[in-house]
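Participant: Listed here are the chains, written in short residue letters.
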Amino acid sequence: DAGVTQSPTHLIKTRGQQVTLRCSPKSGHDTVSWYQQALGQGPQFIFQYYEEEERQRGNFPDRFSGHQFPNYSSELNVNALLLGDSALYLCASTFRGRSSGNTIYFGEGSWLTVV
Amino acid sequence: AQSVTQLGSHVSVSEGALVLLRCNYSSSVPPYLFWYVQYPNQGLQLLLKYTTGATLVKGINGFEAEFKKSETSFHLTKPSAHMSDAAEYFCAVSSSGGYQKVTFGTGTKLQVIP
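Protein chains in written order, with the numbering used here: chain A, 739 to 853; chain B, 37 to 150.
No wet-lab data here; the hints were simulated from the structure.
Treat the hints with care, since some could be wrong.
[Claimed, not checked] Reference excerpt, derived from the structure (chain A facing chain B, CB under 10 Å, subset only):
#1 Ser771
#2 Phe798
#3 Ala830
#4 Trp849
#5 Thr851
[Unchecked claim] Derived contacts from chain A toward chain B, CB cut-off under 8 Å, selection only:
#6 Gly766
#7 Phe783
#8 Gln786
#9 Thr832
#10 Ile842
#11 Phe844
Virtual Cβ for every residue (Gly too), placed ideally from N, Cα, C.
All chains, please: the whole structure from these sequences, using the hints.
Facilitator: Here you go:
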């Protein structure tokens, strides 16, 4: 059973460019969240998708957008990249079932460097 | 609103010594609490979680944590440190429900000295 998979693992972009990161949730999971982890910091919540809609959003500008597909996979898009967007981007998945306390699983992340 | 405070950004222990990583939380609703470990250049791995019930939670690799509501704490312990425990540890809090937004602390880097 594959866990949460993310691609690409590493990428380098130039300021002003746009980037798309991809995530496939763990089998059986229907909810995907994205987090940004800057160097030396804890992960910060960007947003969460369920039933192809953004359900919650953290304190991130509109340059950060996302999408969830019918197969529950998700994309994170960042426009007009800034140097400060350099970070590890983590995808997390869970099952938004009736049972609370469902475990959240994280992927290995996508390392984005903006130069 | 929820928040987590991890006391000590760096902790050093000798191999075989007790590991104690401190975490205090703030939450307006009954919290779900987590400890995650992150090895260099890797993602997050769940060590243990508290949702409801027993306040002493046992996790993987010999770690455990105790939920103390009166102290709003969820400290992580391990009786005897191994070299392989060297990593960064994150305490985190969320509210109940299947759609959990997780709020993380800033992390504690554990160094194990031979």
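Participant: Look at each hint and say if it fits the structure.
Facilitator: Structure-based check of each hint:
| no. | hint | in the structure |
| --- | --- | --- |
| 1 | Ser771 | holds, 7 Å |
| 2 | Phe798 | violated, 13 Å |
| 3 | Ala830 | holds, 7 Å |
| 4 | Trp849 | holds, 8 Å |
| 5 | Thr851 | violated, 13 Å |
| 6 | Gly766 | violated, 13 Å |
| 7 | Phe783 | holds, 5 Å |
| 8 | Gln786 | holds, 6 Å |
| 9 | Thr832 | holds, 7 Å |
| 10 | Ile842 | holds, 6 Å |
| 11 | Phe844 | holds, 4 Å |
When held up to the earlier numbered hints, the structure conflicts with 2, 5 and 6 and fits the remainder.
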